[in-house]
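Visitor: Heads up: the sequence lines are chains A and B, in that order.
Residue numbers 90 to 383, in our numbering, belong to the letters of the first sequence in order.
Residue numbers 269 to 505, in our numbering, belong to the letters of the second sequence in order.
Please keep in mind that the hints were generated in silico from the structure rather than gathered at the bench.
Be careful, since some hints might not be right.
[To be verified] When the alpha-carbon atoms are kept at most 20 Å apart in a straight line, the in silico EDC-like pairs for lysine to aspartate or glutamate are as follows:
1. B:LYS452 to B:GLU387
2. A:LYS186 to B:GLU288
3. B:LYS405 to A:GLU258
4. B:LYS452 to B:GLU298
5. B:LYS452 to B:ASP384
6. B:LYS454 to B:GLU387
7. B:LYS454 to B:ASP473
8. B:LYS454 to B:GLU358
9. B:LYS405 to A:GLU271
Predicted, not measured: the structure shown is a model, and the values here were computed from it.
Take a look at the letters that make up each chain.
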Amino acid sequence: MFDLLGISAPAFFGQLLIGVINGSFYALLSLGLAVIFGMLHIINFVHGAQYMLGAFTALLLLNYLGIGYWWSLLLAPLIVGAFGIVLERVFLRHLYKLDHVYGLLLTFGIALVIEGTFREFFGSSGQPYGIPPELAGVQNLGFMFLPNYRAWVIVASLVVCFGTWFMIERTRLGSYLRAATENPALVQAFGINVPLMVSLTYGFGVALAAFGGVLAAPIYQVSPLMGINIIIVVFAVVVIGGMGSILGAVVTGFVLGVVEGLTKVFYPEASSTVIFVVMVLVLLTRPTGLFGRA
Amino acid sequence: MTDTPTALLRVSDLHAYYGESHILHGVNFEVQEGELLCLVGRNGAGKTTTLKSIMGMIPQRTGSIVYAGNETIRLSSHRIARLGISFCPEERGIFASLTVSENMLLPPVIHPGGMDLDEIYELFPNLRERARSQGTKLSGGEQQMLAIGRILRTGTKLLLLDEPTEGLAPVLIQQIGASIRALKSKGYTILLVEQNFRFAERVADRFCVMEHGRIVDTIPVEELEGRRAELHEHLGV
Ligand SMILES: Nc1ncnc2c1ncn2[C@@H]1O[C@H](COP(=O)(O)OP(=O)(O)OP(=O)(O)O)[C@@H](O)[C@H]1O
Ligand SMILES: [Mg+2]
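Isolated chain A (complex conformation) (with noise of 0.2 Å):
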């Protein structure tokens, strides 16, 4: 079959991996912007600086801490999405009432911030980050060969991309927020501390972009650059999947990465534009998104 393509199995199943990957990333970044965006009506635009701070943070623990990936798989989420939480309390706090256009431009502009301020310290140069060694090595699947550590990105996604949609759709923390997204007032009024659980959501969905970013780290370098390249393609894949939906996020980021893998292998040249082609041909015909409610 591979021939009758004209092209190699190797080939194909590399590029596979490669899209299964970034559709990881996709999923992971898009999932805490849907969730972000259900609550908050706050398009986050500054999600990819806040993945690029992961990755850093996962980095300065190593170099000025010691403190390997394991714990900064742990720790580095925890440190953004708390400051994530300042962020909320101290500026998008204001622009609720606001229309959406103003959420964009403040967290516009402080992603300009956070990414300039990097760029000044480290460069625009990436920086290697070392695979832990538990996860050095590789699988040959007789078809191709597996390194493990992208194995466990894809594992590791999938989980956590998982567990988010159970949290939110099946638990009874989850109905909270669901109906705090539908009428905030009503559920305060109920005795739930709505403001609270605005704060710790957008924490989460912040919390998330840094979990990819440390995921990130080994695979591609540590830039200040690292957040821009990327969330580009995910604020395609947002609305290609539609704006707040858990699952939508989650499929589409991953069906995304594979179609932008396989573009590479049958038609190079439109690997990089592809998906938004795709995103024009469902604004075309589904304007709310595939996964979107009107």
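Using the hints, position chain B with the ligands against chain A.
Guide: Relative to the frame of chain A, chain B with the ligands by itself:
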């Protein structure tokens, strides 16, 4: 010494605003423990605004609202709810993204001693069969029952009910009436807003008439026969 009833809720000189518009102009009334007080008045008189002010849902409010000895005028609404007040809104507030049973379990239990799910389903049997449906797929009457039912689990003592019979067929109104009487006999204190006067006079102990953001008259149910004409004039019926 005689047993004077104690006021569970005392509203004094309550003013409320939506932005520039001044809606409540010094509302004064009390609700005694175990009493069912019915707030009546024409459309736009400020009845809903009064309930929402008590619940802390109107940010611009002044005056004094004392519940069980606690001044609540400066508290945010989740703190007020935690003192033991529950609200059933006029538009019912059933959540579309939650199932019937998730809607039912949404308001957290605040004090022990609320009704358990079985007791609530006994009061509103239709809800039991629909537990897994989407909340807003219920009929209007069932949504109203869900809106009342879900606040009975919480163990709160004071219920604020905003027009529970609005838009319901007569047999459903009777069912709601029966459940409200059942709640009274369980010792709940109820502040009811109602336009359906024939319904209200069968459940209320006392009426407060509201006009243009003030209480203009108070009529105990015993005096209702003699003062019916006066009341009808207030309500314009
Ligand atoms: N969100 C709001 N913003 C501005 N004005 C409002 C708002 N809600 C109510 N009002 C105004 O406040 C006044 C009192 O409204 P309220 O809802 O308290 O009346 P009501 O007595 O409950 O009437 P109804 O019997 O029709 O439910 C009305 O004039 C209404 O137009
Ligand atoms: Mg009203």
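Visitor: Each hint should be assessed against the structure and marked as holding or not.
Guide: Checked hints:
{"no.": "1", "hint": "B:LYS452 to B:GLU387", "result": "holds (15 Å)"}
{"no.": "2", "hint": "A:LYS186 to B:GLU288", "result": "holds (17 Å)"}
{"no.": "3", "hint": "B:LYS405 to A:GLU258", "result": "holds (18 Å)"}
{"no.": "4", "hint": "B:LYS452 to B:GLU298", "result": "holds (17 Å)"}
{"no.": "5", "hint": "B:LYS452 to B:ASP384", "result": "holds (17 Å)"}
{"no.": "6", "hint": "B:LYS454 to B:GLU387", "result": "holds (12 Å)"}
{"no.": "7", "hint": "B:LYS454 to B:ASP473", "result": "holds (15 Å)"}
{"no.": "8", "hint": "B:LYS454 to B:GLU358", "result": "violated (23 Å)"}
{"no.": "9", "hint": "B:LYS405 to A:GLU271", "result": "holds (16 Å)"}
Comparing the model with each earlier hint shows a violation of hint 8 alone; every other hint is respected.
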